[in-house]
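Q: Following the hints, put chain E in place on chain R, whose structure we already have.
First to last, the protein sequences are chains R and E. Residue numbering for the first sequence follows the UniProt record's numbering, starting at 1 and increasing by one per position. Residue numbering for the second sequence follows the UniProt record's numbering, starting at 1 and increasing by one per position.
Be aware that one or more of the hints could be misleading.
[To be verified] Using 25 Å as the maximum straight-line C-alpha spacing, the simulated SDA-like pairs for lysine to any residue come out as follows:
| no. | chain 1 | residue 1 | chain 2 | residue 2 |
| --- | --- | --- | --- | --- |
| 1 | R | Lys138 | R | Ser49 |
| 2 | E | Lys145 | E | Glu169 |
| 3 | E | Lys138 | E | Arg229 |
| 4 | E | Lys145 | R | Arg228 |
| 5 | R | Lys145 | R | Gly183 |
| 6 | E | Lys145 | R | Pro244 |
| 7 | E | Lys145 | R | Ala141 |
| 8 | E | Lys138 | R | Asp154 |
| 9 | R | Lys138 | E | Ser246 |
| 10 | E | Lys138 | E | Asp215 |
| 11 | R | Lys138 | E | Glu152 |
| 12 | E | Lys145 | E | Ser225 |
| 13 | E | Lys138 | E | Asp185 |
| 14 | R | Lys145 | E | Gly183 |
| 15 | R | Lys145 | E | Ser166 |
| 16 | R | Lys138 | R | Asn51 |
| 17 | E | Lys145 | R | Val177 |
| 18 | R | Lys145 | E | Arg200 |
| 19 | R | Lys145 | E | Ser225 |
| 20 | R | Lys138 | R | Glu169 |
| 21 | E | Lys145 | R | Ser246 |
| 22 | R | Lys138 | R | Pro211 |
| 23 | E | Lys138 | R | Ser246 |
| 24 | R | Lys145 | E | Glu59 |
| 25 | E | Lys145 | R | Arg148 |
| 26 | E | Lys145 | R | Arg179 |
| 27 | E | Lys145 | R | Leu142 |
| 28 | E | Lys138 | R | Val248 |
| 29 | E | Lys138 | E | Ser166 |
| 30 | R | Lys138 | E | Arg229 |
| 31 | R | Lys138 | E | Asp185 |
| 32 | E | Lys138 | R | Ser225 |
| 33 | E | Lys138 | R | Leu226 |
| 34 | E | Lys145 | R | Ser225 |
| 35 | E | Lys138 | E | Pro168 |
| 36 | R | Lys145 | E | Asp154 |
| 37 | E | Lys138 | E | Ala181 |
[Stated by the list, open to error] Derived list of chain E stretches under chain R, where covered just means 3 residues or more per stretch with a C-beta under 8 Å from a C-beta of chain R:
| no. | stretch |
| --- | --- |
| 38 | 31 to 45 |
| 39 | 100 to 113 |
| 40 | 133 to 147 |
These are computed hints drawn from the structure, not numbers from a lab. Virtual Cβ for every residue (Gly too), placed ideally from N, Cα, C.
Protein chains: 2
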Amino acid sequence: MKIVGLGPGNEVLITPEASSVLAEATDVVGYVPYVERVAPRPGLTRHGSDNREEIRRAEQALEMAADGRRVAVVSSGDPGVFAMGAAVFEALEAGQPAWRALDIQVLPGVSAMLAASARLGAPLGHDFCCINLSDNLKPWALIEKRLRLAAEADFAMAFYNPRSRSRPEGFARALAVLREACGLDRPIMFARAVSTPEERLRVTTLGEATPEMADMRTLVMVGSSLTRRIPVDSGVAGEWVYTPRSVV
Amino acid sequence: MKIVGLGPGNEVLITPEASSVLAEATDVVGYVPYVERVAPRPGLTRHGSDNREEIRRAEQALEMAADGRRVAVVSSGDPGVFAMGAAVFEALEAGQPAWRALDIQVLPGVSAMLAASARLGAPLGHDFCCINLSDNLKPWALIEKRLRLAAEADFAMAFYNPRSRSRPEGFARALAVLREACGLDRPIMFARAVSTPEERLRVTTLGEATPEMADMRTLVMVGSSLTRRIPVDSGVAGEWVYTPRSVV
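Only chain R is shown next, with the shape it has when bound in the complex (with noise of 0.2 Å):
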């Protein structure tokens, strides 16, 4: 069984060896936008299952392939990074003992935090973390007390899931705590389906920001102490941001 990561959404950013992978599958088994960007053809069969289905699309994952399919479990951005590898482990852990023996591989991509980075300059150029927003299998205080020692540590940051319709007011306090603990001026991004037509970046300050300016598809990253601002005359967003690798 392979894990593969997709990329953030544009076909020029999949690996050559997803691509190979994908190509001799014969079940595709994901979230249903991931597997509609798997293009049908004959003796594929493509497995689209709901958000927060996670466990359950493992579990079938792993008893097609002790079944004998080539079966790739799809995720968008890199399958390590709040996706589809840790589902595949936690139901492999819990599940029948025969599915140890599966030869399974796990194919990196590049992630929606680095696409996003790369689109607006070098925003994780020093030290950084990665936290997932939502509380739907966290307590918010966890959350709350990783932001105020992100801030402590100086790290710049990344954000998934920022916000959903069922957790509206989340984000806000996301953005109340981050406001008390970096200030108003520090540098705030938000990037939405990076490397899709539906692409959409914004460079603004903590003060500045609003909750509405992410949804569910927007990757929201804060820059350190040191991250700066650079306006140009090109650049998708009219400026480059970095965050110097030096700190003397």
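A: Here is chain E on its own, set in the frame of chain R:
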């Protein structure tokens, strides 16, 4: 000018976007071993330079781009993670005003961190941080502070540049801080030269880890308090390591 990520080493992990830019470039600029990953061909000049020459190298690349050359600045992995991205923007900000009109694009790549994580399972499957352990450009006290705060936040951690001949003692100090903050049983992973013929993977605990397990080509990862090891009959390290998505 393009700032290009070559991925961790294997050609099957270079994005088609990066490959097509390299095929069109007149000049490739970078650290010698990375420049050598681009095959020579008529019409291409390869400009290899030493480690720690990043700013001079970035200036040279910007100068050539301003002269109308099709320049590709190459980094291993992703250019935005402890690589040439930040160096180029630093040189751009401090350099000639005309450089701000240059058409620059950053092409993301599969970082060593994501490739190493994939080989071992999904150790960065939940909130994590990424720290450069080199104290060339920042004081050791800041590294130690970040390690302690990252442990308090219970992040999984990825470390670049753990050890070099010029800084043999730093990684031993990092291990001591981590043992104190995370305990002796916490999983630690050493992933050297991932995806190349020199790849070497090892999973152990902080209690058993020694500084010699890392060198400059090693990506080191430490689990969070929830990270799990699954013994299996397959997998490149005889076990899978993953950090669950849920903390409840």
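Q: None of the hints should be skipped; say for each whether it holds.
A: How the hints compare with the structure:
For the hint linking Lys138/R to Ser49/R, the alpha-carbon distance of about 23 Å falls within 25 Å, and the restraint holds. For a cut-off of 25 Å, the pair hint linking Lys145/E to Glu169/E stands: about 17 Å separates their Cα positions. Proximity of Lys138/E to Arg229/E is assessed by CA-CA distance (about 34 Å); at most 25 Å being required, the pair is judged violated. For a cut-off of 25 Å, the pair hint linking Lys145/E to Arg228/R stands: about 23 Å separates their Cα positions.
With a C-alpha separation of about 17 Å, the suggested pair Lys145/R and Gly183/R falls inside the 25 Å cut-off, and the hint holds. Straight-line distance between C-alpha atoms of Lys145/E and Pro244/R comes to about 19 Å, which keeps the hinted pair within the 25 Å bound. The straight-line distance between the Cα atoms of Lys145/E and Ala141/R is roughly 22 Å, inside the 25 Å bound, and the hint therefore holds. A hinted pair counts as satisfied when its Cα atoms are at most 25 Å apart, and Lys138/E with Asp154/R qualifies at roughly 13 Å.
The suggested pairing of Lys138/R with Ser246/E holds, with an alpha-carbon distance near 6 Å, which does not exceed 25 Å. A distance of roughly 19 Å separates the Cα atoms of Lys138/E and Asp215/E; the hinted pair therefore holds under the 25 Å criterion. With a C-alpha separation of about 16 Å, the suggested pairing of Lys138/R with Glu152/E holds against the 25 Å cut-off. Pair hint Lys145/E plus Ser225/E holds up; C-alpha atoms about 19 Å apart against a cutoff of 25 Å.
Between the alpha carbons of Lys138/E and Asp185/E the distance comes to roughly 29 Å, so the proposed pair goes past 25 Å and is violated. Taking the CA atoms of Lys145/R and Gly183/E, the gap is about 21 Å. The hint holds against a cut of 25 Å. Proximity of Lys145/R to Ser166/E is assessed by CA-CA distance (about 37 Å); at most 25 Å being required, the pair is judged violated. Distance hint between Lys138/R and Asn51/R is fulfilled; the C-alpha atoms sit about 17 Å from each other, no more than 25 Å.
Annotation: proposed proximity of Lys145/E to Val177/R holds, straight-line Cα distance about 21 Å (limit 25 Å). Pair hint Lys145/R plus Arg200/E does not hold up; C-alpha atoms about 36 Å apart against a cutoff of 25 Å. With a C-alpha separation of about 15 Å, the suggested pairing of Lys145/R with Ser225/E holds against the 25 Å cut-off. Only pairs whose Cα atoms come within 25 Å are accepted, and Lys138/R paired with Glu169/R is accepted, the gap being roughly 16 Å.
For a cut-off of 25 Å, the pair hint linking Lys145/E to Ser246/R stands: about 16 Å separates their Cα positions. A C-alpha spacing of about 21 Å is found between Lys138/R and Pro211/R, which places the hinted pair at or below 25 Å, so the restraint holds. The straight-line distance between the Cα atoms of Lys138/E and Ser246/R is roughly 6 Å, inside the 25 Å bound, and the hint therefore holds. With a C-alpha separation of about 41 Å, the suggested pair Lys145/R and Glu59/E falls outside the 25 Å cut-off, and the hint is violated.
Pair hint Lys145/E plus Arg148/R holds up; C-alpha atoms about 14 Å apart against a cutoff of 25 Å. A distance of roughly 22 Å separates the Cα atoms of Lys145/E and Arg179/R; the hinted pair therefore holds under the 25 Å criterion. Using a Cα cut-off of 25 Å, the hinted pair Lys145/E and Leu142/R holds, with the two alpha carbons roughly 20 Å apart. With a C-alpha separation of about 6 Å, the suggested pair Lys138/E and Val248/R falls inside the 25 Å cut-off, and the hint holds.
With a CA separation close to 15 Å, the supplied pair Lys138/E and Ser166/E stays within the 25 Å bound. Of the pairs offered as hints, the one joining Lys138/R and Arg229/E holds, with about 21 Å between alpha carbons and a cut-off of 25 Å not exceeded. A hinted pair counts as satisfied when its Cα atoms are at most 25 Å apart, and Lys138/R with Asp185/E qualifies at roughly 24 Å. Between the alpha carbons of Lys138/E and Ser225/R the distance comes to roughly 14 Å, so the proposed pair stays at or under 25 Å and holds.
Restraint check for Lys138/E and Leu226/R: satisfied, since their Cα atoms lie roughly 12 Å apart, inside the 25 Å limit. Our distance criterion of 25 Å between C-alpha atoms is met by Lys145/E and Ser225/R, whose separation comes to about 15 Å. A hinted pair counts as satisfied when its Cα atoms are at most 25 Å apart, and Lys138/E with Pro168/E qualifies at roughly 16 Å. For the proposed pair Lys145/R and Asp154/E, the alpha carbon gap of about 10 Å is at most 25 Å, so the pair holds.
For the hint pairing Lys138/E with Ala181/E, the CA-to-CA distance comes to about 22 Å; that is within 25 Å, so the pair holds. Three residues within the 8 Å Cβ limit are the bar, and the stretch 31 to 45 of chain E against chain R gives 0, so the coverage statement is violated. Figure legend: the stretch 100 to 113 of chain E, annotated as covered by chain R; annotation consistent (11 residues with Cβ-Cβ distances under 8 Å, at least 3 required). Using a Cβ-Cβ cut-off of 8 Å, 6 residues of the stretch 133 to 147 of chain E lie near chain R, which meets the minimum of three, so the contact claim holds.
Checked against the numbered hints above, the structure violates hints 3, 13, 15, 18, 24, 38; every other hint is satisfied.
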